[in-house]
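Line by line, the protein sequences are chains P and V. The first sequence begins at 857 in this note's numbering and counts up one residue at a time. The second sequence begins at 857 in this note's numbering and counts up one residue at a time.
Be careful, since some hints might not be right.
Where chains are identical, the list cannot tell them apart; a pair therefore holds if satisfied intra-copy or between any two copies.
Computed list of lysine-lysine pairs in PhoX-like fashion (alpha-carbon distance at most 25 Å, straight line) [stated by the list, open to error]: (1) 929 <-> 897; (2) 898 <-> 1044; (3) 885 <-> 1037; (4) 1039 <-> 996; (5) 1037 <-> 880; (6) 1000 <-> 975; (7) 932 <-> 897; (8) 898 <-> 929; (9) 1000 <-> 1037; (10) 1044 <-> 929; (11) 929 <-> 955; (12) 975 <-> 1037; (13) 975 <-> 1039; (14) 1037 <-> 929; (15) 955 <-> 898; (16) 1037 <-> 996; (17) 1049 <-> 898; (18) 1000 <-> 1039; (19) 885 <-> 910; (20) 1039 <-> 929; (21) 1037 <-> 910; (22) 880 <-> 862; (23) 955 <-> 897; (24) 874 <-> 885; (25) 932 <-> 898.
Keep in mind that the hints were calculated from the coordinates and are not lab data.
Protein chains: 2
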Amino acid sequence: MINIDKMNIAEPYNMFRKYYEEAKKKEQKIIEAISISSYDKKNSIVDSRFVNLKYVINDEWIFFSNYNSPKSKQFKSHDQISAVIYWNSINVQIRMKAKIQKTNSEFSNEHFQSRDMTKNLLAILSRQSEPMSSYDDFLKNYEKDLSLKFENVTRPEYWGGFSFSPYYFEFWEGHNSRVNKRKFYELKNQEWKSGFLQP
Amino acid sequence: MINIDKMNIAEPYNMFRKYYEEAKKKEQKIIEAISISSYDKKNSIVDSRFVNLKYVINDEWIFFSNYNSPKSKQFKSHDQISAVIYWNSINVQIRMKAKIQKTNSEFSNEHFQSRDMTKNLLAILSRQSEPMSSYDDFLKNYEKDLSLKFENVTRPEYWGGFSFSPYYFEFWEGHNSRVNKRKFYELKNQEWKSGFLQP
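Next comes chain P alone, as it looks inside the complex (with noise of 0.2 Å):
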């Protein structure tokens, strides 16, 4: 699930929460999952990973990561990201252009409050994307500190959200003439203008 109770209501937000709705009622599975791609722009090379989308606060969307991770290092180097979502039980993309930057520290120590603590134990432990000699050694060590039943174990710095504002959106809908729907928001001037593209 995303939480999505203080999203904005401009018509891109609209047409989100209507999809949303839909892809929830056909029982979307991981529904949260959504594609970014950033670009590395010291070795020149695009790259993608789904994450869990947590939050959309007003026009920020939400998820969070290792900040010492090869993602959060390619967000530092270039801030523009793409973001997009497929939902295959009612067929539509979302697809998404954004800058991003991190969260505020109060907002990762809130959500990383609310979080239950083996999944904080994780967020501490795991070197986010270094290569490690062994899944199941990792596996053993983490097991073993979480047998230690840390307490108030507070959030490391390396370890909070990511915050990006679209200032693009396009909605896809898959028909099954191939005649698919597009039709894209873009913000100008603080204002959102919306079209239709060629299928």
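For chain P, the structure is supplied; the task is to place chain V on it using the hints.
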């Protein structure tokens, strides 16, 4: 469905085949959906969209598009892309990095001839991703043209295949414990080197 009859048999490809069969067994919806991310060098912008993966032949991953579309222009200016598949039925994502190029025209012709006429007519009529004033007008015109029953339609030059050959794979398995299993393969001197990444 993706046609993988003539797929490579190196280790990452066998891994792909294993997950593909698992996802098929779980009746994964729209199993061929793959996100392709590209870099628009002129505007320094990362862009992403889902397409339908049609074939994996040896180490070439193939989909089809309009050659005048924004993505085609992006591939021309920056031929490195990232690709991600996420199969929610088995909670697995497959991340790839690759160089992309057009398939040869014989291959595009063959595939075009194998498709049904209604799809081909659309490929001819659509100036993909260009703005248009009305979706309904486009649909009406398309349906009018369809009723003329075109025969022996030949592939227009502005439509054809793209093929990418990954030099990097990551197979990401989501686990309930959150200790996700991440195995990567990297092509070095024509050999696949593998290892695990921290969750």
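Query raised in the report: How would you classify residue 1000 and residue 975 at a CA-CA limit of 25 Å: within, between, both, or neither?
Result: This pair counts as within: shortest intra-copy Cα distance 14 Å, inter-copy 57 Å.
Requested in this report: Have a look at residue 885 and residue 1037 and pick one of within, between, both or neither, based on CA distance no larger than 25 Å.
Outcome: both (23 Å within a copy, 20 Å between copies)
Report task. Evaluate residue 1037 and residue 910 at a C-alpha cut-off of 25 Å and name the case that applies: within, between, both or neither. Result -> between (27 Å within a copy, 22 Å between copies)
Query raised in the report: At most 25 Å between C-alpha atoms: does residue 1039 with residue 929 qualify within a copy, between copies, both, or neither?
Result: between (32 Å within a copy, 21 Å between copies)
Query raised in the report: Between the shortest in-copy and the shortest cross-copy C-alpha distance, which are at most 25 Å for residue 898 and residue 929: within, between, both, or neither?
Result: both (10 Å within a copy, 22 Å between copies)
Requested in this report: State whether the alpha carbon distance between residue 1039 and residue 996 is at most 25 Å within one copy, between copies, both, or neither.
Outcome: Cα proximity of residue 1039 and residue 996: across copies only (17 Å, versus 49 Å in one copy).
**Report entry** Homo-oligomer pair classification [residue 862, residue 880; C-alpha up to 25 Å]
**Finding:** This pair counts as within: shortest intra-copy Cα distance 18 Å, inter-copy 38 Å.
Query raised in the report: For the identical chains here, do residue 1044 and residue 929 meet the 25 Å Cα criterion within one copy, between copies, both, or neither?
Result: Between. Shortest inter-copy distance 24 Å satisfies the 25 Å Cα cut-off; intra-copy 29 Å does not.
Requested in this report: Give the relationship of residue 898 and residue 1044 under a CA distance limit of 25 Å: within one copy only, between copies only, both, or neither.
Outcome: Between copies, since 20 Å is at most 25 Å while 31 Å is not.
Query raised in the report: How would you classify residue 955 and residue 897 at a CA-CA limit of 25 Å: within, between, both, or neither?
Result: both (15 Å within a copy, 17 Å between copies)
Report task. Evaluate residue 929 and residue 897 at a C-alpha cut-off of 25 Å and name the case that applies: within, between, both or neither. Result -> Intra 10 Å, inter 20 Å, cutoff 25 Å: intra and inter.
Query raised in the report: Can you tell me if residue 1037 and residue 996 fall within 25 Å by alpha carbon in one copy, between copies, both or neither?
Result: Classified as between: cross-chain Cα gap 13 Å, same-chain 49 Å, threshold 25 Å.
Checked against the numbered hints given earlier, this structure breaks none of them.
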